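S.K.: Spelled out from the first residue to the last, the chains are:
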Amino acid sequence: MSQTHARKVETFTADEARVDWHSAALLALRDKRDLQAKSLPEWEQMRETASRMKLYVLSHLPELLEQFTSNCEANGMEVHWARDAKEHNEIVAGILKERGKKKLVKSKSMLTEEVHLVPHLEKHGIECIETDLGERILQLREEPPSHIVVPAIHLKKEEIGELFHEKIGTQAGASDPTYLTHAARESMRQEFLSADAAMTGVNMAIADEGAFVVCTNEGNADMGAHLPDLHIAVMGMEKLVPDADSAALLMRMLARNATGQPSTSYNSIFGAPRPGCQLHIVIVDNGRSLRMADRRHAEIYKCIRCGACINTCPVYRRGGGHSYDYFIPGPIGLAIAGDNPEANSEAWACTLNGSCNNVCPVKVPLRETIAYHREQLAQQKQLPYHKNAYMPLAGKIFGSPRGLSMAMAAARVGLRIMPQTLQRRIGGWSKSRDFPKPPAESFAHWYRKNRGE
Amino acid sequence: MKIALFIPCLVNHFYPEIARDTLELLEKLGHGVSYTQGQTCCGQLMTNSGCLDQARSSVEALGKALLKEPCDAVVAPAASCVVAARENLERLTSFEDFHSLAGKIFELTEFLHDIAPLDHPLKPLRKTVSLQMSCHGLRQLGLGTASELVVARPVNKLQALLSRIPELTITQPSRDECCGFGGTFSVDERDISGKMANDKVADHLATGAEAIVGYDPSCLMSLGGVVSRKGIPLEVMHFSALLNQVT
Ligand code: SF4
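Protein chains in written order, with the working numbering: chain S, 1 to 453; chain C, 1 to 247.
Don't take each hint at face value.
Not everything, but these chain S residues come out facing chain C in the computed CB check (under 10 Å) [what the hints assert, rightly or not]:
no.	residue
1	14
2	319
3	347
4	392
5	399
6	447
For the record, the hints were derived by calculation from the structure and aren't laboratory data.
Everything numeric in this text was worked out from a predicted model, so none of it was measured.
A virtual CB, placed ideally from N, CA and C, is assigned to each residue, including glycine.
When you get a sec, could you build the whole thing from the sequences and use the hints?
M.R.: Written out as structure tokens, the structure is:
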């Protein structure tokens, strides 16, 4: 059993100024998102359409997968299907080794985090270079991402300056973002030029075209994919869309919702390998079909990984992305993996406030899915925070009008006689809040006295 | 209208003044109001933690108590309890009468705005209040338009009601973010919850208001706890207190 989420946040929350800084950085994204969304009067209609389109995809996955695969093959690509993480990693390592490749430049992909690809390739002696700036920073720090879109959002520019000074030789004490970015670009250029294979993720896989879309802000995916003669694109099987119009709808929403840009800076559609080059696609299941088979869990696969639910989540912003057990933090992470009994407090790292549902461009029912995981864990008696013990008791007390009123009367008396100083030492609630001042009598009692039965 | 009061456990035992204000207000507005003994909890405490089975007897007891007196509408001064009562009576019980009961439970704001619109002349009140638009009311009951949504004409039913009070100045915090209460979340996740409550109080304070006014007693309890702990010069009150005072 892993530590509870409440415990894991403690290091982060101990530095309140940093919490405020972190929260403000993410709220700035949320604000930019609001501005962009509100610039399109048809926004809510787009969300509904996108949600239905993705539901169509999930309910027609076998056909769409076959259609996509045969169209890709007709376009000269090679398509591989991987049942799980292991198979995925073996396929990728195989493709690279067969061709004697030694160095892979890779753009951002949450899938490769999910399947732990990089350590696997390194074991096979293949060097992997992250080319997304945020991911590169984390690779140099040997740290996992704390966010799916802005993976190094937890770091301050001074910390990045120090890291770059140590790793790529920037001036000591320099923290100017423009200077640091230029330096990163310089050092990255060498990596691009010396790589012999490229990997990208896939934002949308267009079934009826046999093509796929990759969106980045730094152009790093294109820089990578257009130099070496081998490009491997990896995707979870939910990335499918039926046609180009559907992809276009999602492209209109993705960057707006993620970072408040009308569009990502670079949007490339890969439809065939360049002459003399090879283009491989690896499609991964890794537990997706199982989750999709459960109606109350399936809709998480409508997700287009915009990260907006994470930005708006008040718990994530104050607890930081490293406080979660699953590699995807925030509401979507909880909705995907909140049913894991090994990390059973995750599903409770949420107030069920529902802001995530409202920002989601494809209407993933995040709140309801997280609540569902709580039900599942309750049924398995895998509740966190001592709930296995006190919930049945609470059920009994609250289920009896007499029991409830006696318990509440006792609580009132307790709070009245217990000195404030002692109340403050109870912990939990009283760590930052006083208890209410209890009244002498309940409403029910007053009513009976003054108004009769 | 013939109204049955649903007074959730927290209000009954810790904030009876909210129940009295609600009762008096509805009576002044000309409704026949009754209250039946034996009301329990909407089940939220348990269902919020996924413990559906443990909530059933409480929900059934509540349903039974509310059915004792025939009425046109059940009204409660607590948004999250209304959401839970409706949902739980539907999904945890199989008794037809409980299901139809669920359909006529209203939160006080929604009742005064949509069901029996408040058209009484109100006395003036010179005060600046900041609205606490708690999440269940905002996003589940639609008492307002959440800031995430793109809507041509946003609504705010609490503001609409209170703006009928002459001379009252109404402000709102800069964000409609969750106050961090979240039921047992407030205990389980004490650090995050406490920080959220502190941030929310600071946001209310920054509006220059004298009072935080809302429709969800549990959130108000959390904010009130911060106000008291830090000795912040803010009143924390349920909106029924304001309306009852000026009706
Ligand atoms: S669940 Fe929705 S809001 Fe969250 S990352 Fe996925 S698409 Fe974006």
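S.K.: Decide, hint by hint, whether the structure agrees.
M.R.: So, going through the hints one by one against the coordinates:
{"no.": "1", "hint": "14", "in the structure": "holds (9 Å)"}
{"no.": "2", "hint": "319", "in the structure": "holds (5 Å)"}
{"no.": "3", "hint": "347", "in the structure": "holds (8 Å)"}
{"no.": "4", "hint": "392", "in the structure": "holds (6 Å)"}
{"no.": "5", "hint": "399", "in the structure": "holds (3 Å)"}
{"no.": "6", "hint": "447", "in the structure": "holds (5 Å)"}
Violated hints are absent here; each numbered hint is respected by the structure.
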